[in-house]
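Respectively, the protein sequence lines represent chains X and W.
Everything in the first sequence is counted per our numbering, starting at 667 for the first residue and increasing by one.
Everything in the second sequence is counted per our numbering, starting at 206 for the first residue and increasing by one.
The reader is advised that the hints may include incorrect statements.
[Unchecked claim] Where chain W lies over chain X, by a calculated footprint (3+ residues, C-beta under 8 Å): (1) 707-718; (2) 729-739.
[Stated by the list, open to error] Cβ-Cβ distance ranges computed for the label pairs, FRET-style: (3) X/Val678 to W/Pro215: 27 to 33 Å; (4) W/Ala258 to X/Val678: 29 to 35 Å; (5) X/Asn673 to W/Thr225: 34 to 40 Å; (6) X/Asp725 to W/Thr315: 31 to 37 Å; (7) X/Gln707 to W/Thr231: 18 to 24 Å; (8) W/Glu213 to X/Ser738: 36 to 42 Å; (9) X/Arg745 to W/Gln305: 22 to 28 Å; (10) X/Asp728 to W/Arg300: 29 to 35 Å; (11) W/Pro215 to X/Leu693: 30 to 36 Å; (12) W/Ala222 to X/Lys710: 20 to 26 Å; (13) X/Asp725 to W/Val287: 35 to 41 Å; (14) W/Leu251 to X/Asp717: 19 to 25 Å; (15) W/Asn264 to X/Tyr676: 26 to 32 Å; (16) W/Asp259 to X/Lys710: 29 to 35 Å.
Simulated from the structure, these hints should not be mistaken for lab results.
In this text, a Cβ means the ideal position worked out from N, Cα and C, and glycines have one as well.
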Amino acid sequence: DAMVIQNPRYQVTQFGKPVTLSCSQTLNHNVMYWYQQKSSQAPKLLFHYYDKDFNNEADTPDNFQSRRPNTSFCFLDIRSPGLGDAAMYLCATSRDRREQFFGPGTRLTVL
Amino acid sequence: GNSVTQMEGPVTLSEEAFLTINCTYTATGYPSLFWYVQYPGEGLQLLLKATKADDKGSNKGFEATYRKETTSFHLEKGSVQVSDSAVYFCALSDRNTGNQFYFGTGTSLTVIP
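Isolated chain X (complex conformation) (with noise of 0.2 Å):
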């Protein structure tokens, strides 16, 4: 079945310790997100490749950055991770930016 991958499911870093996650997929989109999700609120977008054209929003911290190889990869570098990141990362894509599909997340534990 085609599907977003994201890997690991949970990950536990320490503070100031830089940590990547990764997503890929095999739906042949061109559009890869990341967003960031906290307890009991919706996601937040933080950035998105439209191809290979990266797509920050204003006000992403600087501390998040991505890296999109080719059509099937994105990663989300946390260089310096705060405990205010601790969060639910979820990555999504689409085909020229319409319905997304989302994969089942990373959770990320900041101690």
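Chain X is fixed; fit chain W onto it per the hints.
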């Protein structure tokens, strides 16, 4: 601007009860409307969608009708099950803003046996 307003939760219902979760929107153009469901510890799953006025989206017994005159997209189910317990998000996508998604705040539903 674009925004989505959802009925606040949490909502608790007995099994086989009728469900309505209200959603209204504001949009500058002609949006597509969506309902997503999120089960505990999981990502969001597309439940149903409607792309133009008077369209009805339906899936797994859930329905929602795109009402342009009332700018609403209320989610309904005639008989809920315990397995429907989840958080439901209403969302819109507007071509005028590059199809950016706007999510509501989510409504938590708990169905008790």
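Between X/Asn673 and W/Thr225, does the C-beta distance stay in 34 to 40 Å? 38 Å, holds
Is 26 to 32 Å a correct range for the gap between the Cβ atoms of W/Asn264 and X/Tyr676? For X/Tyr676 against W/Asn264, whose Cβ atoms are near 29 Å apart, the range 26 to 32 Å holds.
Are at least 3 residues of the region 729-739 of chain X within less than 8 Å of chain W when you compare beta carbons? Result for this restraint: violated, n = 0.
Assertion that chain W covers the region 707-718 of chain X - criterion: three or more residues, beta-carbon distance below 8 Å: holds (count 4)
Lying within 29 to 35 Å: is that true of the beta-carbon distance W/Asp259 to X/Lys710? Roughly 32 Å apart at Cβ, these two residues keep to the hinted range, so it holds.
CB of W/Glu213 to CB of X/Ser738, is that within 36 to 42 Å? 39 Å, holds
Is 22 to 28 Å a correct range for the gap between the Cβ atoms of X/Arg745 and W/Gln305? 26 Å, holds
I want to verify a distance hint. Is the separation of the beta carbons of W/Ala258 and X/Val678 within 29 to 35 Å? Check failed, 47 Å falls outside 29 to 35 Å.
Can you tell me whether the CB distance of W/Leu251 to X/Asp717 sits inside 19 to 25 Å? 22 Å, holds
Assessment of proposed distance window 27 to 33 Å (beta carbons of X/Val678, W/Pro215): 29 Å, holds
With 18 to 24 Å as the target window, see if X/Gln707 and W/Thr231 comply at their CB atoms. 20 Å, holds
Between X/Asp728 and W/Arg300, does the beta-carbon spacing fit 29 to 35 Å? 31 Å, holds
Violated hints, in rising order: 2, 4, 12; the structure is consistent with all others.
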